[in-house]
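Engineer: Keeping their order, the protein sequence lines are chains A and B.
Sequential numbering from 98 applies to the first sequence in our numbering.
Sequential numbering from 113 applies to the second sequence in our numbering.
These aren't lab readings, by the way, just hints derived from the structure by calculation.
Hints should not be assumed to be uniformly reliable.
To be verified - Chain B is faced by these chain A residues, among others (derived, beta-carbon under 7 Å): (1) Q138; (2) E199; (3) F202; (4) P204; (5) G205.
Remember, it's a predicted structure, so these values are computed and weren't measured experimentally.
Quick reminder that beta carbons are idealized off the backbone N, C-alpha and C, glycines included.
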Amino acid sequence: DGGITQSPKYLFRKEGQNVTLSCEQNLNHDAMYWYRQDPGQGLRLIYYSQIVNDFQKGDIAEGYSVSREKKESFPLTVTSAQKNPTAFYLCASSIRTSGANEQFFGPGTRLTVL
Amino acid sequence: QQQVKQSPQSLIVQKGGISIINCAYENTAFDYFPWYQQFPGKGPALLIAIRPDVSEKKEGRFTISFNKSAKQFSLHIMDSQPGDSATYFCAAHRGSARQLTFGSGTQLTVLP
Numbered sequence: 098d099g100g101i102t103q104s105p106k107y108l109f110r111k112e113g114q115n116v117t118l119s120c121e122q123n124l125n126h127d128a129m130y131w132y133r134q135d136p137g138q139g140l141r142l143i144y145y146s147q148i149v150n151d152f153q154k155g156d157i158a159e160g161y162s163v164s165r166e167k168k169e170s171f172p173l174t175v176t177s178a179q180k181n182p183t184a185f186y187l188c189a190s191s192i193r194t195s196g197a198n199e200q201f202f203g204p205g206t207r208l209t210v211l
Numbered sequence: 113q114q115q116v117k118q119s120p121q122s123l124i125v126q127k128g129g130i131s132i133i134n135c136a137y138e139n140t141a142f143d144y145f146p147w148y149q150q151f152p153g154k155g156p157a158l159l160i161a162i163r164p165d166v167s168e169k170k171e172g173r174f175t176i177s178f179n180k181s182a183k184q185f186s187l188h189i190m191d192s193q194p195g196d197s198a199t200y201f202c203a204a205h206r207g208s209a210r211q212l213t214f215g216s217g218t219q220l221t222v223l224p
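Isolated chain A, as found in the complex:
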């Protein structure tokens, strides 16, 4: 089965703790993305990566960090500096070409800070 997997599905964190969300894809896509979804606000881009060992900040990168050591993996760390981390986090990937291409989304991770 080809697709994007995210784990865990639900995650609970105490205030002040860092937590890492996993995203893996076997679609052989070059580009990967992390979005945050809050009720009534749509999807907002946190970080994206067009190629291994390279990534760029999106619109709301503060309090988050990422790495892209392998083509198939793009983990997101939510640090204690993120003031309001409770949200639904979505990972996506797309083929990297010169034009626009469909982004395929994973099933998401719901993070709750206690």
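Starting from the known structure of chain A, fit chain B onto it as the hints suggest.
Structural biologist: Frame of chain A; chain B shown alone:
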């Protein structure tokens, strides 16, 4: 200039009716306009998409109408079914940046 404004926020339609969701944008550099469908607890999935050189695209019961001069585009769902009940997002692609800017979403409920 990066915003995509979507309306309405919620929509209730009777089975068999037409659902219409509207989006507007400012940035003329956007070059691709997809619509995504999301069911509760799931990730969004591409429904239909259009490029600005086309005024309309139809796939089954789903149609995108695109007005380049007005910088507006809309999704029409014909013969709406209860299974269409979901949240719909419009989006716009920023050329060389290869990024999508999403609208705020419309929660569609189709009554049986």
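Engineer: All hints, please: hold or fail.
Structural biologist: Going through the hints against the structure:
Interface restraint check for Q138 of chain A: the shortest CB-CB distance to chain B comes to about 6 Å, inside 7 Å, so the restraint holds. Checking E199 of chain A against chain B by beta carbon gives a least distance of about 5 Å; that is within 7 Å, so the hint holds. Taken as an interface hint, F202 of chain A checks out: its beta carbon lies about 3 Å from the nearest beta carbon of chain B, inside 7 Å. The beta carbon of P204 of chain A comes within 5 Å of a beta carbon in chain B, closer than 7 Å, and the hint placing it at the interface holds.
Proximity of G205 of chain A to chain B holds as hinted, the smallest CB-CB distance being about 5 Å (cut-off 7 Å).
Going through the hint list in order, the structure satisfies each hint without exception.
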